[in-house]
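Chemist: Residue numbers (this note's numbering), protein chains in the order written: chain A, 1 to 102; chain B, 1 to 230; chain C, 1 to 556.
Incorrect hints may appear among the rest.
Unchecked claim - To list a few chain B residues with every Cβ distance to chain A over 10 Å, as calculated: (1) Leu-106; (2) Asp-124; (3) Ala-169; (4) Asp-189.
Claimed, not checked - Cross-link-like lysine to any residue pairs, in silico, SDA-like; alpha carbons within 25 Å at most: (5) A:Lys-9 x B:Thr-102; (6) B:Lys-98 x A:Ser-7; (7) B:Lys-118 x C:Ala-230; (8) B:Lys-98 x A:Val-12; (9) B:Lys-54 x C:Phe-282; (10) B:Lys-54 x A:Leu-77.
To be verified - Cβ-Cβ distance ranges computed for the label pairs, FRET-style: (11) B:Ala-146 x C:Met-317: 23 to 29 Å; (12) B:Gly-119 x C:Pro-237: 30 to 36 Å; (13) B:Lys-54 x C:Met-317: 46 to 52 Å; (14) B:Gly-144 x A:Lys-67: 28 to 34 Å; (15) A:Leu-54 x B:Arg-188: 31 to 37 Å; (16) B:Gly-119 x A:His-4: 23 to 29 Å; (17) A:Leu-54 x B:Gly-119: 28 to 34 Å; (18) C:Gln-462 x B:Ile-49: 47 to 53 Å; (19) A:Leu-16 x C:Pro-148: 46 to 52 Å; (20) C:Thr-526 x A:His-4: 42 to 48 Å; (21) C:Gly-156 x B:Ile-49: 43 to 49 Å; (22) C:Asn-280 x A:Leu-16: 55 to 61 Å.
It should be emphasised that the hints constitute simulated quantities derived from the structure, not laboratory data. Here the structure is a predicted model, which means the values were calculated and not measured. Think of the CB as a built atom: it goes at the ideal place given N, C-alpha and C, for glycine as much as any other residue.
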Amino acid sequence: MSEHVVSPKIYVSVFLTLMVLTVLTVIVAYFDLHRLNVIIALAIAIIKASLVVLFFMHVRWSSTLTKVFVVAGLFWLVILVSLTLSDYLTRPSWTPPLPGAQ
Amino acid sequence: MADSHVTTHYGLAHHFDNMEQQKEAGSLGMWTFLITEIMFFGGMFLAYILYRGKYGNDFAIASSHLDWKLGGINTMVLIVSSLTMAMAVYFSQKGNKKWLLTCIALTMMFGATFLVIKGFEYHDKYVTHHIPLRDFWSWTEPNGEALPGDSGHVQMFYWLYFAMTGVHALHMVVGLGIMSVIFWMAMRDRFTPTYHSPVEISGLYWHFVDIVWIFLFPLLYLLGAHLTHH
Amino acid sequence: MSTEAEVLAPRVNYLNVAYGVKSWLLTKDHKRIAILYLLTVTLFFFVGGIFAAGVRLELLTPKGDLLQSDTYNRFFTMHGIVMVFFFLIPSIPAVLGNFLIPIMVGAKDLAFPRINLLSWYIYVLGGLFTILAIVLGGVDTGWTFYAPLSTNYANGNVLLAGIGVFITGFSSILTGLNFIVTVHTMRAPGMTWFRLPLFVWSHYATSLVMILGTPVIAITVLLMALERIAHVGIFDPALGGDPVLFQHLFWFYSHPAVYIMILPAMGVISELIANMARKNIFGYKFVAFSSIAIAVFGFLVWGHHLFTSTQSIYAGMVFSILSYAVAIPSAIKVFNWTATLYRGSISYDTPMLYAFGFIGFFIIGGMTGLFLAALGLDIHMHDTYFVVAHFHYIMVGGAVMGYLGGMHFWWPKITGRMYPEGWARFGALVVFVGFNLTFFPQFLLGYMGMPRRYHAYPDHFQVLNVMSTAGASVLGVGYLIPMIYLIWSLKYGPKAPANPWGAVGLEWTTPSPPPTENFPETPVVTWDAYEFRPIEEAEVIGALGPGDEPDISGRH
């Protein structure tokens, strides 16, 4: 696999995009969009992280094996969070009445 | 037939057959390590998700008492440091020692700036007794009035804040240590256009630490931005 | 053509290439690092065994008369911590894996030799912290150190033990990292994935578990420490936290951890069965993929430790079904090993005896795991001796048997000496008898309702407990026997040829013991993993001196 030299132009455009997205995430946070706030914040963070991974960390030009490793790591985090949440989100919402209460 | 004891390339360790293999191994090794870091931070993200789900309002109130401006500046500082780090790799590929050293130094400077700003933030929390340590914690105004929000749940937010940003800051410190070693190696002309993988590999680590902060910033600092706060 | 001087001069190998403490403590040779691990792992086995002896002695009588309840708690806790983190998890990977994997893939060393050495030092450092915790009085929380006991009420050594576990986790991570990168990047030309020995496949799968799971126990220990120090309420309901979160985080690692303990043993068994039955493993690809399947599925079942902990019933059902699923790849292995034996040319040498023992014990241990995976049954059997028996069948009947079988099989390669076969078979028999006597009664005890971690029990449980303790004494003797004759063999055992078993695998083409660089030149592999051929046809690579002809003539 030959050495791949990434042009500084790409780095700078990614950098500028990251800055813009940062400003965007702050602006959006000022509006009360209830549930959407988290979703938008996470979506922007994921886009920013992907830009760093693909371009700054060269994954765009890396071997398939590297790409598999990255995806696997993230997938495992998803397992940790989702299976744990499968417990918390399915717990009964009632609390048993205290003894002596009407 | 593979001939292993003839070519001795500069920088090739004895147990590798060629530079390509060594480079691939180094890169894969660092990625494997970064995966462990994903899972390490992941445990704290899990706790955050859980308790934020339970105590969303108190978390928003608690978050509004963090300085999002400083957090935002820090986010930008780290992004710039990632740019200079990527440029450092570029110059190491080109064999440009002067600019390689400059970029590493800049990266370190931005990293140190991040830590200094973090220090100011932590100090502010210390002064206002917003550090969840047994009897030290006090969710009150300076004049003693209780602040809005359930103190216990707000405390939950703050331990998450300190744990996550604290562990992150520790990783920054380690990153600075790694960068100083890379700087030293570059100064001693250890890197050539064909051997500079330590720079790339350290870059991977640095970018990862940046990525963690990219998630920490909105999750910790921007929760309460839509509330009116101090 | 060699001069007389060359014939008479001792061949240089990794053991005699350099002498002195520094050459060992600063070595980068994976084989020497394996020996370093062997010494420390054995030491911790003894320490853990002493605590086990204390537990079993106390349980001879129904009353808590030997140890106070607090002390008893410390004994079973330290037994668990030492055995799990300092023996079972490192043993096969760090000793046999470190020694064999580079040779098996045809490389000169692991990908990162210095990180390998670092992993040993980290292990020792973590061990020192834990020994310090023991010396200062031990910990009484159980090796599972659940919150809120560990965070709010237990004595002060919890932090020390926690630090020990935290540090040692990095040793595990670095070992796994090294193995993964080595298998991906350092296989010799022609050594495709499907020509790899199954030992390598199972260690690769183990390494996946190590790197994906261990960081979570690290963060769990960290959070527990934070809770102890700062009382922030992470796991404390009074402050808004949830103790079950601790259990989720803890078991997310600790269940896959048991696969870290058993997968390497399974890899050993694959080698033992194929080589000692002189037959290609039945269904090589199935066995290879089943290792990966166990590693992956193993991450999806941790909730079966939380069935009675207020985890939601829905989640319980999901985890129960997944726990049944994870048994399937294990069963596939057992079927394939059995099919390999069919019409094989079976030798009853010690490694094979341990392999037989493994298969029998693993079947029982695995099947009883399915009992526990059923929600209804688990309500009855959770926290009873049924669970204790189940996991000891797998850990001791499985992993330790695999470890001992592997140590015997590769002993001639590692040390250049043969062990005494007669004594070894006797030792294996004693272990087999002792093990069954120790742990089978515990299934009965648990089913009858005896809880675990209690030092006193109703009188009618005594007979079975006495049997169990008697078995433990026999088992202890059974472990001492190999320790004695293996050490004896270092000086007095007959010198071993390159291939005393007539086995296949790159390690058997190197001299016994191998030279530091393993292969004078990187081998080119053109044969499948378990191709048994008449020995004259086998390609023998490596600097074999006179008297080193591979010997399959039979047993010594």
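Chemist: Taking the hints in turn, state whether each one holds.
Modeler: Hint-by-hint comparison with the structure:
no. : hint                              : result
1   : Leu-106                           : holds (13 Å)
2   : Asp-124                           : holds (20 Å)
3   : Ala-169                           : holds (19 Å)
4   : Asp-189                           : holds (19 Å)
5   : A:Lys-9 x B:Thr-102               : holds (18 Å)
6   : B:Lys-98 x A:Ser-7                : holds (18 Å)
7   : B:Lys-118 x C:Ala-230             : holds (21 Å)
8   : B:Lys-98 x A:Val-12               : holds (20 Å)
9   : B:Lys-54 x C:Phe-282              : violated (52 Å)
10  : B:Lys-54 x A:Leu-77               : holds (20 Å)
11  : B:Ala-146 x C:Met-317: 23 to 29 Å : violated (44 Å)
12  : B:Gly-119 x C:Pro-237: 30 to 36 Å : holds (34 Å)
13  : B:Lys-54 x C:Met-317: 46 to 52 Å  : violated (23 Å)
14  : B:Gly-144 x A:Lys-67: 28 to 34 Å  : violated (56 Å)
15  : A:Leu-54 x B:Arg-188: 31 to 37 Å  : holds (33 Å)
16  : B:Gly-119 x A:His-4: 23 to 29 Å   : violated (38 Å)
17  : A:Leu-54 x B:Gly-119: 28 to 34 Å  : holds (32 Å)
18  : C:Gln-462 x B:Ile-49: 47 to 53 Å  : holds (49 Å)
19  : A:Leu-16 x C:Pro-148: 46 to 52 Å  : holds (50 Å)
20  : C:Thr-526 x A:His-4: 42 to 48 Å   : violated (34 Å)
21  : C:Gly-156 x B:Ile-49: 43 to 49 Å  : violated (32 Å)
22  : C:Asn-280 x A:Leu-16: 55 to 61 Å  : holds (60 Å)
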